[in-house]
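My request is simple: use the sequences and hints to build the entire structure.
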Amino acid sequence: MEDFRWIFQFLGRLHPLIVHFPIGLLVVGLILELVTIGQKRQGLRQGINWMVYIGAISAVIGAIFGWLLRTNDDYLGELVDLHQNMGITTGALAGITAFLLMRKMKNKASSYIPYRIGLTLTVVCLIIAGHLGTNLTHGEDFLSSVLPGNTHSPDDGKAALLFAELNQLDSLTTSRKDQLNLEVRKIFAHNCYQCHSENKKKGELVLENKAGVYKGGKGGPIIVFGKPAQSELYRRIALSPNHEDVMPKKGKVLKNSEIALIRLWIESGAHWSDQTLKLFPEAPLALSKPDLPVNSTEKHPVDRLINSYFERNAIEWPEVVDDKTFIRRVYLDIIGLLPEPKDIDQFVVDPDPDKRSNLIDTLLGDSTNYTEHWLSFWNDLLRNDYTGTGFITGGRKQITDWLYTSLKENKPYNLMVKELVNPTEDSEGFIKGIEWRGVVNSSQRTEMQAAQNIGQSLLGINVKCASCHNSFVSNLTLEQSYGFASIFADSVLELNRCDKPMGKMAEVNFLYPELGNIAAKNKKERLSNLSEVMVKPENGRLYRTITNRFWQRLMGRGIVEPVDEMDNATWDGVLLDWLAADFLDSGYDLKHLLKMIMTSKGYQLPSVSYHDVAEIKNNFIFHGPTLRRMSAEEFSDAVSQVITPMYAAVAYSPTGELPASRIWHRELKFERDVLPEPGKRYFRRTFSLANRPIQSATVLISVDHSYILYINGKNIAQGADWKKVDKLEVSKYLSAGKNCIAIEGFNEGSIANPAGISFAMKIEYDNENDIIINADTNWKSTAVEPHKGWVGIGFNDGDWAKVRDYGTSNWGNLVNFSFDGPAGKFARASLVSQHPFMKALGRPSRENVTTTRDDQATLLQALELTNGAFFNQVLAEGADAWLVHYGANGQRIIEALYQRSLGRNPTKSEREIMLGVLGGQPNREALQDVFWATLNLPEFQFIN
Amino acid sequence: MVMETQNLRRDFIKKMTAASIAASATTIPLTSFLSSCTPRFPKIPATADTVILLWMAGGMAHTETFDPKAYVPYKKGVESKRVLSTFPKVPTVVDGLDFSQGLASIGGVMDKGAIIHSYKSADLGHILHTRHQYHWHTCYEPPQSVQAPHIGAWIAKELGPANPVIPPFIAMGQRFTVGEAEELKAFHSAGFLGSEFGPFLIPDPSGGLDSVRPPQGMSLKRFEARFKLYKELANQNKIMEAGSDYQRESLMRSMEQSYRLLHSPEAKVFDLSQEPKEVYDTYNTGRFGLGCLMAKRLAMNGARFISVSTEYEPFLGWDTHENGHTRTVKMKELIDRPIAQLIIDLEKSGHLDRTLIILASEFSRDAIMEGRPGELVQDQVDQPDIIENEKFYGMHRHFTNGSSILMWGGGIKKGLVYGKTADERPCASIENPVVIDQVHQTIYHALGIPPETHYTIEGRPFYTTPDGMGKPVLDLFG
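Protein sequences appear in the order of chains Y and F. The first sequence begins at 1 in this note's numbering and counts up by one. The second sequence begins at 1001 in this note's numbering and counts up by one.
Heads up, a few of these hints could be off.
[To be verified] One side only, chain F facing chain Y, incomplete, derived with CB under 7 Å:
no.	residue
1	E1183
2	D1245
3	G1374
Think of the hints as simulated: they come from the structure by calculation, not from any bench. Computed from a predicted structure; not experimentally measured. For each residue, glycine too, the CB sits at the ideal point set by N, CA and C.
Right, here's the structure in full:
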């Protein structure tokens, strides 16, 4: 059987030939049939009959051959199925039609109508089958690609323009020839490298370099200098698009202007330029401060530049926003908090003409809040987080301390960059990268991560793409990125192409060698060199990149987008350069840069609405800031301010005072430490006190999930909310000699889950050292219910076990766990470790550098806001707190809610709607619902 | 992120409703004819609509479960190197296929599915379970320069929900408060596809209902009134007057959508108390068993991708660093009954044909070998040469060169045994080795997702399997 398979295969391959018979015969047959309707042109009858018979037979054969083709050659997919079904249907219908015709001819049928219907259906199916067949052989966009509006070739115009320009010249100068050659090479790169590169060499032809192009391929040279017509290269690209030999390939050919350009190039001697081909636009590196427009109507430098931009684009200056909008905007942008109602009132009535600029100064001066707001931006940018992969095996390090301090003291940006690139112990986490245990892909070794992250975060260039192979989004080569990565390596790196070693060693280099030499004998010196070279004023790229990021943060859209691709076109390069140069002149002062942008009228324009995100991304025209949505952190902090603290604990405590342990009974399974099972556990700690008068004794306690506290046998307190710190004065329960603290702890839930006790007691004496007792492993515990006296001093806990310190990572450090300082503080969201609520609202997991967040709402976010247990719990706690604070007074609550959340009074109709729900004497549920509705309003969630 | 494949199928269906009604009246498959003009990648016919992944977290030894070797009973003083299996073999319903003792129920449904004996996990050097799990679930080895999506997220993105009310990607049974939690979170993620396609997490299936109904303690009436208040206020709001804005609209739209979801009667699907007591009891071997029960309910009601994990917690579950034999007995009790019942129930209800069920683990275990033959992998387990204590009787080291994957339904051949491992140590894959790219592409193939599906992220194409090179194992399909 196998021996005869070739016959079927052969017949199958005749399918494309055979199918043209029914197409020709049946279609023409139908046309002729139509013109005979009404007994006309009877002379055609015999001819039509033959056409239909032969057409039907060939349709059936075509279908059979098609089936053979499918079975014997590998054709798969839905399109093939469809084509096959249509083909078989066509064959069947054709047969039926022929049969109907025969019956009529033999006068067994009375009318032509059934036959004519059959023929029409056959032809319809035939056309569909034919179309599907075309799609199979020529691609699905074969037809649609030539329809108007379907040409997708941005540089079509460029090739055509260059051709038009060069073609009219009698002879070409060398520089013109260079230009022509580079354009031709660009065409090669985009269309031919795929097969004809050093790596693939199809037909032994390489079009990547001079030698390859001049040498030609398997069939000999491809260029006859000066003679396109005799050049194989030209012949192949100029063939008809459906010719088997056409290049790049059948169905996909070069554009006419590209073919003309290559012809012109060969004609003019196929000159090869010494310049390196740069396929992608590159922004200049150097930076000089542009002159400001003179005689401008505007005073502020940024506005003078925007004014010119507006003039060029025929845009009128809109009025700047009112004071209330302004104050909300600057508060959120500088310190990430909402202004208090009294601050708003004060600001609005302030007659000082400089009040806006003064407010900006004041807020920039609030360095703690500034830091705790901007920390999120820098954490995203520098891939720094409190939790995440890698920490578990020591493969990652935080730079939080360094970052917090740098922001707090407004460290000059050049210094920050130097310390990131050539790090101290505190800042080494950035270039250290993230390491998982085991071997990694060569493009993700930590040295390469350092290169990628410095490239992306600090220089706005994509090194990732060139870490596997030469980039196809920029001019970066694999060698360059390995050279860059080598700076961070202890030994010489071997180049790997797509994770395969190339047997070639990297040579240390920086992406921009013109800035200076990095090479040195060891890593330490190289890092030092790099840090010096990177921050040079000549490295305009470094300063443009951060300037553009700040602009993007404040205005919603960068001067260059995406903000990580700084080679892209600007919408106003002079503006970017001036701001970057001014930033440099200011002594690399990040706050100066913020102030320069924020004091401009440009920043204070009303926010602009867009129907579609594409309008912001492409062909952008600046009219003012875009409408921005609050970030996860901004939203959280705003809720904490307005309703009730959302988070009680931070992952990073700037002052470092908060306790770092929670204790619980040690639980084992198969001799391993595991999470505690639900249930009651009993804890004891005994200690002795000297016989001295105690001035005060304060206990701080928080237990997950609940506790009963005993001191010396007396029940002192209980609590069931680990987020609240219970602060108790207990001196009267203590006595000289032996004392005992006993805690009955309870772990809720149906499965094992984290539980822990945070405890501290400070006993103060007059003029003597305080005594502090913490939750530590001096405590003892048991899981077995002890007999009654266990809370007393005399109880023997000799058989109890030492507790285990569970750390605080599951809870964080409670900001109110402090003997002094005001209670009721909330944890700034930027200091809280990644939380499911913030994650849903778009805070990224910082496994990679993230420089922009998606601010479009998603269903998952809305679900979290609508039925998320966490958010609803916050609302419930908030409602209780408000009812205590404001009393059950609907009017008062509505006023307060509007002022605190939206910075204004409710309108009459808003007041009515609210009152309709709250009533004069609101209950907690109604209040929760009113909170929920307000916090989800666009007016609250957007920075207008 | 530049999108190169849209959710064409869904969009298309929406737009074409009228046309398809018209077309269904004729013999011409008009919709299909037109749709062939739209997608960029050639579509392939789907044999499954839903996937259930039964995840044996922690490294399940193939020699102790679905691919038993010579049984060496425990005896004080037995040599470790002699121990190939610690259980006797028991025949399954399929001729020539034996399982290890304790898996009789699953053995009884093997005529409805296939077993791959020859899965080879990646060799990622020094073992870190979550790193291998990341690799299994995303097909990419961490770390990556962009966040790789979980296979469930790819499927959610490409196919969308089968029932608009059931989230397309649901992951059950894994808590994120255990050791290696951050690493677990790293792959329970939609990565660059966007959180919209991320997993809907249900750590404890018995409380699944809470995640899809109005907030706890809120009556339906109050829930409706609250939303009405919101709409009224939003319409009053001055910020809404400034013409249309994509951001504002996306916020209002998503709020509306979530309201509809939470308001829908389908939420009952998540309520296990709706099951008759005897069914509940059959499944209830613990959280994993209840996860299987929930998976059954979800699969019958239009979920896309469901995973049920035995849960990874370092050194627990299948991660047997000691007491391997006794702990494996427990693990078998946990999985055997509910998995078999799931297959039987789905077959009975007619859903098995279109539901692809996969049982897999990140790698296998062995008494001696760490990693794979010929690779130097750091030992992580102390295993004595002579076993003097039953604690050391079992498979305690991590073996990456052969493990079993079971598949049922969704077009998978019935009663098929694919691939083979050696009967003597190392019990490595010696016939038809299968790697993760193939496993993913096999799943995508069953769902009709073309192998070259990819998106451009940061200027680079990112494929479902690295470089789009993975190929499905077509021999597995019936």
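Does F:G1374 meet its interface restraint, that is, does its C-beta lie within less than 7 Å of any C-beta in chain Y?
-> This interface hint is violated because 14 Å lies over the 7 Å limit.
Does the nearest C-beta of chain Y fall within a distance shorter than 7 Å of the C-beta of F:E1183?
-> Hint on F:E1183: holds, closest Cβ of chain Y at ~5 Å, below 7 Å.
Hint validity - F:D1245 Cβ closer than 7 Å to any chain Y Cβ = Because about 4 Å separates F:D1245 from the closest Cβ in chain Y, which is inside the 7 Å limit, the hint holds.
Going through the hint list in order, the structure does not satisfy hint 3, though it satisfies all others.
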